[in-house]
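Trainee: Protein chains in written order, with the working numbering: chain S, 1 to 210; chain A, 1 to 210.
Worth flagging that the hints you see were computed from the coordinates, not collected in a lab.
None of the values given here were measured: they were computed from a predicted structure.
You may find that some hints are simply not true.
With a straight-line Cα cutoff of 25 Å, these simulated DMTMM-like cross-link-like pairs (lysine to aspartate or glutamate) come out [what the hints assert, rightly or not]:
1) S:K195 to A:D189
2) S:K195 to S:D84
3) S:K46 to A:D189
Restraint ranges, calculated between C-beta atoms of paired labels, are given here [unchecked claim]:
4) A:T78 to S:L193: 29 to 35 Å
5) S:A91 to A:P40: 50 to 56 Å
6) S:P80 to A:T92: 48 to 54 Å
7) A:T78 to S:D194: 32 to 38 Å
8) A:L193 to S:T205: 40 to 46 Å
Each residue gets a CB set at the ideal place from its N, CA and C atoms; glycine is no exception.
2 protein chains.
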Amino acid sequence: MRIVIPLFDGFTALDAVGPYEVLKMLPGAETVFAAETAGPVRDSAKTLALTADAAFGDITACDVLVVPGGRGVRDFLTDPGLLDWVRRMHATTTWTTSVCTGSLALAAAGLLDGLTAASHWSAAEDLNELGAVYTGERVVFHDEQRIVTSAGVSSGIDMALALAGRIAGRTTAEAIQLMIEYDPQPPFDAGSLDKAPQAAKDLLTAGLNR
Amino acid sequence: MRIVIPLFDGFTALDAVGPYEVLKMLPGAETVFAAETAGPVRDSAKTLALTADAAFGDITACDVLVVPGGRGVRDFLTDPGLLDWVRRMHATTTWTTSVCTGSLALAAAGLLDGLTAASHWSAAEDLNELGAVYTGERVVFHDEQRIVTSAGVSSGIDMALALAGRIAGRTTAEAIQLMIEYDPQPPFDAGSLDKAPQAAKDLLTAGLNR
């Protein structure tokens, strides 16, 4: 089972690494990070590079595609070659998935037309403009279309565990959850627009490092 | 505020990237991945490399040290030069932290003598043998010693948010939590030894890909 995670300049590292850490433990998993050219690819903050071991052109098929988000996804959206690659991969996958604004790439590739989909909360309008229907749900499965989208950044862990359950069964997914000791205990309760206090939202509007 | 994340062959990527994604958003944060030599460093599965932009020898001080775990930490533990580097960093930090079996490195460096500490559940005995006192808590703060340890892999996100709150105040930490949309909704409830069903534990004993 080949799992491919595309990288692009300005991706968000946790979007990619959360699902990677879960899916790589699936029986028979072979995980490949890919990019336009093989080599290091910088994240949105430019302080971390992940190595792509393959170029997009080297990969003609995969079982699971995991498209991360990040500010750099905007460039990705306007590259017809990349969107065509996403479409060609999707034609071969069992599951095509996204984390955070990665769903914008799936939408721009025409894979989410008229479908409900998750994304980072800040990208709701953009997602709708690309033909999908934003929902605040954390993980959205469309079995018939073989598509799973998930919300901002950290949601990729929840998505990947749910997907692991679909692919390999509940017990395997639970074993992976135990292995990564995913028993979340956030010290605050501000992880969604509904829950975050206004002061925290105001601070984001003013701008944090990203 | 300089945040340093040391890498070594066989680290666990999510241990490093979870806290990175949180702490890099702190006001004034400058995050540096470091390793024995600068360049790509492979994780425990060898299917992902993160780039170290600095060598340990280039770094003489930092405000926050985040030591990840992973199977490769075993080699790290027996390298007197590396343990000496950890001790020298700790002499300069405001907070010295670990995720997963990263706490074994802190213990081997003599920083956890007689202190309660968290680690991956599978490393409890090893941690105790190195002079710390394993606890199943997810995040353990020792304010006087300026040390924070956290449990397996995914716990680094909880640790980093709690630390962000200590460093920059609750509202900033909440804004970061909202930015990474950390509103966990695990599809299963198997994230600790207490919660995981026996069948999942048996599967781990039999061996998963790692």
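Trainee: Could you tell me which of the numbered hints above are not met by this structure, giving the numbers in increasing order?
Mentor: Result: hints 2, 3, 4, 5 and 7 break, sorted rising.
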